[in-house]
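Novice: From first to last, the protein sequence lines are chains W and H.
Residue numbers for the first sequence follow this note's numbering, beginning at -1 and rising by one.
Residue numbers for the second sequence follow this note's numbering, beginning at 33 and rising by one.
Just so you know, the hints here were simulated from the structure itself, not pulled from any lab data.
You may find that some hints are simply not true.
Computed Cβ-Cβ distance ranges for the label pairs, DEER-style [unchecked claim]:
#	chain 1	residue 1	chain 2	residue 2	range
1	W	Y157	H	D534	55 to 65 angstroms
2	H	G51	W	V211	24 to 34 angstroms
3	H	R354	W	S116	56 to 66 angstroms
4	W	Q120	H	T68	52 to 62 angstroms
5	H	E45	W	P239	28 to 38 angstroms
6	W	G115	H	G405	53 to 63 angstroms
7	H	R483	W	Q120	32 to 42 angstroms
8	H	L407	W	P122	38 to 48 angstroms
Residues of chain W clear of chain H, computed beta-carbon distances all greater than 12 angstroms [said to hold, decoys possible]:
#	residue
9	Y30
10	A57
11	R90
12	V130
13	T131
14	G147
15	Y161
16	M181
Which bits of chain W does chain H cover? Going by a derived footprint, with three or more residues having C-beta under 8 angstroms, they are [said to hold, decoys possible]:
#	region
17	91 to 97
18	213 to 227
C-beta atoms are modelled at their ideal positions from N, C-alpha and C, and glycine is treated no differently.
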Amino acid sequence: MLSWPNFVSQVFNGLALGALLSLISSGLTIIYGTLGVLNLAHGAMFMMGGYAGYVVFQATGSFALAVLGGSVVMVVIGVAIERVIIRHFYNRPDEDQILVTFGIGIVLVELVRLGFGSATVQIPAPDWAMGVTSLGFLIYPTYRIVVTGIAAVALLALYLVLYRTRLGMIVRAGIEDSGMVDMLGINVNMVFMLVFGIGAMAAGFAGIINAPVVALTPDSGETILVETFVVVVIGGVGSFPGAVLGGVIAGEILSITSMIDPSYSQVMLFAVMTLVLVLRPQGLLGQRGRA
Amino acid sequence: MSQARGLARWWPEAATAVGLILGPWVLPLLGFSPDTVNRILVWGLFGLGFDLLFGYTGLLSFGQSAFFGTGGFMAAYLLTNNVIGNVVLALCLGTIGAAVAGVLVGLIALRRSGIYFAMITVAIAQVFFFVENSPLSAVTGGENGIPGVPAPLFDLGFVRWQVGNGWSMYGFLAICFFLALLLARRIVASPVGAILTAIRDNPARVEALGHATWRYKLTIFVVASAFAGFAGGLLGVLQGFMPPDAFTFDTSGQLVIQTVIGGAGTLFGPLFGAGVWLYLHDFLQGPMGLGSAWRLVLGLVFVLLVCFLRRGLIGGVRDLVRRRPAAEAPESSPELVDPSPAIVIAAVAPRRIAPPPHTGPVLQAFNLTRRYGGLIANNDINFSVNEGEIRGIIGPNGAGKSTFFKMLTCEVAPSSGRILFHGQDITGRGVAEVCQLGLTKSYQVNQLFTRLTVRDNITIAALAERRGLYRPDMLRRLDSVPGLSAQVDRTLGQVQLDHRADTPVSELAYGEKRRLEIGLALASSPTLLLLDEPLAGMSPRERTETLALLRDIRRGRTLVIVEHDMDAMFAFAERITVLNEGRLLAEGTPEEIQRNNFVQEAYLGGVHAA
């Protein structure tokens, strides 16, 4: 069981899973960092993105359009949720924010269940990404490589938006001190709305590109949400690089442990989280005193 | 008064007992089946512990399923494998098992607070689910759970009661719920309960007043786990089968939702919430024919409640009943024209623990330095205050006064240097521990417990001095703490808030809040009191009043005051220390300081030096 090719293949699986987790977690972390809201509906948004992509795919038959359309739908949903509900919670206690996003998550899941039933649905991988690819030392499913690549590109895009644009500068300044940003005459409300939309899109986008790998059910988001929490606790809440690093670490832990014994992979993930909490409570790349 | 209080104290218990007895006759008329009612009781009991944790202490855990499952599976395993025949004993062992799990999880999860705490509890509970499901599946039955859990049999010699299904089971569960409710109400009414509500409001101040906040949090976390474990065991007994669902995130989520629907911080909220949940579950799925969409309705109801009725059904009803015109807060209490003669009572309460005998300065700081990255906020400061002195600390903005104060109270650890209090080295000790030694601070920005009354605020502070850092006296009544009410009354008198004792802090005028802020520090009977800008934001009249108060409380203690009001300081302080750019610039009597060229230069930007 413990063979070299098997190990390498699991490392690759871990990387693919890690890239995905990084993407979802970065959405969670920029929402928390900027708005100060822990989004418990994030798992539901991941799942909903998958279904949005599925609908577009059914209508058009194009994977690329499914990714694009699904993402747009998620931005719209994210913005709408922020405008209608989340906005009124910025000045309420943490616990209220957690409760309301938790409730929103339930509503989203149940809406999807109402529309699509509880049976699984799947988006097929695009034709060009079917089959396997030989990497010389390893034969690996092509779509897994593609997913890793797409997730990495999306992360890079997110990084560029956050660190190379005016919006990103405002978001990062908002993470440090949103009151100050407000005082500087920047329309924080607008920024918050966009950030929530982008965060929702990051989760939804991940949901779509993951749909050909793992079939969707309305409950797909739950496990993902928990893993996302572990990722940001390991990486540091509110830290974008922390989300990326935490995601890769979590992905590798899950994959490599499951090679030895799948039933212990979650336990191992939790053990590492505990270790981080004990040794560095603010997370690997988190800053002290933020949360 | 005390009779009325006695009655008010016991009516919820009495009403619950009556309600539980009448339940089997009334509830079927409303369409509840015995099975539904029994479930409501189990969830209500589960929620008692959770409400102590979330409603009273403010710790929102999404991981209670871990303890519900642990207690349930432990009891079910013991009973079905013939380890133990007695159902009640097995339930108790399950409860203990859940409490032990609570200690372990609490040690990890309580390292962080707020959203971190919520996330960590979610993650840990998920691990319990996975562990139950695979590594331990030989013991727990994995996805199948444990079937064949027996119901209890009570044999008292003259009467035998084999608990059966339906209303027979209800009798057993109702007794369990009632006992658990008595316990939870007792905890709420104890000194620990008072401290927990203060932690919900302002944990940092609770710590600064000398309570070991973290240990209190862990205590209530373990108590909540025990309640959950007991409820989990009852679930197995009720169903005759321990389901693996007990461990799922849905279980934790359902508990949170039920508590919020019913009303957190009421103890009865979870019971009512469970009633609403299970009734809707039966009603929407059955007569309404909504099928699985009932959860959608419930989710929407939940979101609406969080948005508009955050205090839940019970809280909402209570607000309606208690709606009364808020008493207008007087701008400044008129009877306070000349407060000094009014307070001739002993100004200083004897401390429960006397400071160690010591001669020499009360407080000494040697080479105190604090760096923030490249910034040196305090640089090599030597400082010493004598017993009974009034010391003023002045300096321009950014001189490092606040940092200096925070180091003296051990809120911030110095980068280097040492602090001695009564000759004891307190460097690097916790702020609560230092407060216990008799050194505390009143804050520049009020740090009050805004959801509590004035009396409750002072009580929290006095409790620390009366009970020490930590004491798990959860079954003692708050008013039976020796010397507590005398100390609270004395402090209320000193800060002239006795006529406002039962007013919520949110209704106080600013000047009154400032006095309460000083009162909080006073109630812990400090021998050394640090005051951070006690006059900030006050009207001239309030200043005069506050200075009179300070003059009164100085008797028997040492005061160190940071203040921007120069005139007040020069008139009030006996010696003055001047800080400038993180260094000690000068020290001396007010006259010496006023004449000091360096001080004039620091304040006037070198005009005079030229």
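Novice: Each hint needs a verdict: does it hold in this structure or not?
Specialist: Evaluated hints:
1. W/Y157 x H/D534: 55 to 65 angstroms: 56 angstroms, holds
2. H/G51 x W/V211: 24 to 34 angstroms: Because 53 angstroms falls outside the window, the suggested range is violated.
3. H/R354 x W/S116: 56 to 66 angstroms: 45 angstroms, violated
4. W/Q120 x H/T68: 52 to 62 angstroms: With a Cβ separation near 38 angstroms, W/Q120 and H/T68 fall outside 52 to 62 angstroms, so the hint is violated.
5. H/E45 x W/P239: 28 to 38 angstroms: 55 angstroms, violated
6. W/G115 x H/G405: 53 to 63 angstroms: 57 angstroms, holds
7. H/R483 x W/Q120: 32 to 42 angstroms: 51 angstroms, violated
8. H/L407 x W/P122: 38 to 48 angstroms: 58 angstroms, violated
9. Y30: 7 angstroms, violated
10. A57: Correct as stated: the minimum Cβ-Cβ distance to chain H is 25 angstroms, above 12 angstroms.
11. R90: 8 angstroms, violated
12. V130: Non-interface label on W/V130 holds, nearest chain H Cβ at 30 angstroms vs cutoff 12 angstroms.
13. T131: Fine: 33 angstroms to the nearest Cβ keeps W/T131 off the interface.
14. G147: Nearest chain H Cβ is 29 angstroms from W/G147, so the label holds.
15. Y161: Its Cβ never comes within 12 angstroms of chain H, the nearest being 22 angstroms, so this holds.
16. M181: 19 angstroms, holds
17. 91 to 97: holds (count 5)
18. 213 to 227: holds (count 5)
When the structure is compared with the earlier hints, violations turn up for hints 2, 3, 4, 5, 7, 8, 9, 11 and for no others.
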